[in-house]
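Colleague: Protein sequences, first through last, are from chains A and B.
The letter at position 55 of the first sequence is residue 55 when you use our numbering, and the numbering goes up by one with no holes.
The letter at position 87 of the second sequence is residue 87 when you use our numbering, and the numbering goes up by one with no holes.
Since the hints were derived computationally from the structure, they do not count as laboratory data.
All values reported here derive from a predicted model rather than from experimental measurement.
If a hint is listed, it holds; no wrong ones were tucked in.
Once the Cα atoms are required to be at most 30 angstroms apart in a straight line, the calculated BS3-like pairs of lysine-lysine come out as:
| # | chain 1 | residue 1 | chain 2 | residue 2 |
| --- | --- | --- | --- | --- |
| 1 | A | K146 | A | K59 |
| 2 | B | K218 | A | K262 |
| 3 | A | K59 | B | K142 |
| 4 | A | K262 | B | K227 |
| 5 | A | K275 | B | K218 |
| 6 | A | K134 | B | K227 |
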Amino acid sequence: MVIQFIADHNLEALLERLRRYGELHAPVLSDDGVLRFAALTQGETSDLSALRTLLPPKKYLLHPQETILNYSADTGYQLPVEVAPPLILLGLHPCDLAGINYLDRIFLGDEPDPIYAARRAALTLIGVSCIPDKFCSCQQMISPLKALSDLFLNSLDDGFAVTSASLRGDELLEGIKDILEEREGEMPEDSRRFFGHVVSEQLRHELDLTLPEWQELADRCLGCGACSICCPTCYCFDVLEFSGLDGRSAVRVRQWDNCLFKSHAQVASGMSFRKDRAERFRYRYRHKYRGFGALQGVPSCVGCGRCRVVCPTGIDLRPLTERLEEVRHG
Amino acid sequence: MRKLRVAIAGLTACSGCQLSLLNCEDELPGLLEQIEFHYFPMALSPALLEGEYDAALVEGCISMPHEVELLQELRRRSRYLIALGTCAVWGGVAALRNGEDRELLRQQVYGLNPLACETFNPQPLQSLVQVDAAVSGCPPEKDELLRLLAGLVRGALPVSIDYPVCTECRMRENLCLLTERDILCLGPLVLGGCGARCPSMLVPCEGCRGPVPESNMKEYLELCAQKGFGRLTVLERLHRFCPERKI
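The following block holds chain A by itself, in its conformation from the complex (with noise of 0.2 angstroms):
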């Protein structure tokens, strides 16, 4: 078949002309170490097959905290303004692609966030494939969610075969044609074949709330909140109002929230759905690897492997899964 191909060495080539289309974002590893998506300035290049940023690209979906409503005494509650310039995300991979489009099922959905939906539009996702290490589970746990993206670069041994898969991709792919060149050869497979399947129907079987399993997890847990914080699907969010000092206004913020915390299924009297953090972890693996709600059978875990890596005591909800299935079949 013919690859538009891109050779390594036009890839600074390629940032320039990405930069056309707006702020281009991509991994960058900082001093300290930590590998985040940030902007790429001019000249700085990104390790595309560095495989996770320590917070997910659902940064730039949902912030740690951000104003959900404005309320003066004069106006009521009003929307913000939400002004979100055009953002190129270069280096995404399929589990972060995945990761964006269960976000969009929860925030496009029946009822679009308007917040979300603005910065989204915004968005160009240019994913890069990439080769799972011990961490990552995408490829043992196969997900209806779909690695979709505008653009996507697949490695090859001197550049990358770059490919289209909607019309923004495809207005992009016009402008770099003079830097793509046609090549012969054979598409090779990469970690978006895990994506985007019909799952099986025993997804929706209830968990047993009896099993040790849950005690053992929430005898591990610190509260640290990092497992969802670094989630690419967790958007589980706390809502606050914040008076103003005039007395006459105030701010209604929504911040990430965790469902192993302690406030998270409390409701106003002061009682709680899930009081003990055995409970939590239930609830936490129901929605991470069952689905509830509208998306019941739709795991929203897409194997990146963050909560592994930032868990200070290394907790993994992965062999729950088989423990589960011999529990059901006894």
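Using the hints provided, position chain B relative to the given structure of chain A.
Modeller: Relative to chain A, chain B alone:
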């Protein structure tokens, strides 16, 4: 609209919490339009308790008989009594040597000179009176103080935080000092709300905001042991800001 009538008092402490409020220079004129700081000895004279208060904000712990009287008086006169800062909430550094012989401690500091007044082991406010809300920190964050006052103007108490320093540290996409640099950081055990101020500057959390609810001490000590930090080292560090809490 009637102004919020507030009393601000300092007991045994460094006055840093009250100073943090006075440092909100840009916001003070606006605050004065909403709030009558009726009793605030550190900033206003004369300082006389008079009538009732919508809220009393109290910094420091209690260690002298006249502080007991003042605190009880403030409690009687106020709808809300709010503990301001770690000393008021947990005892703080003033309570560090509560386990030791007070007469000996007195002699170490003042020699054989008689003291002007009697003192006792410093205690957090809640050991004596009912505390309606607490803003922890050494000192509390400026934003927290302003939010507290703005909320009180609307009749609301602050929402208590239940997550540790780590949460905000990871939100800021920091590397983890404890797990990735093997530095003794108390982040997992300590109440957040500071925006991970210290770890963001590569300084480990010293625990100034006091313990987070549901802290997992056993597992934390286990993790520290793996990093080569003994139980005593960890407990001593943890003890610094909330010695009155049994660990």
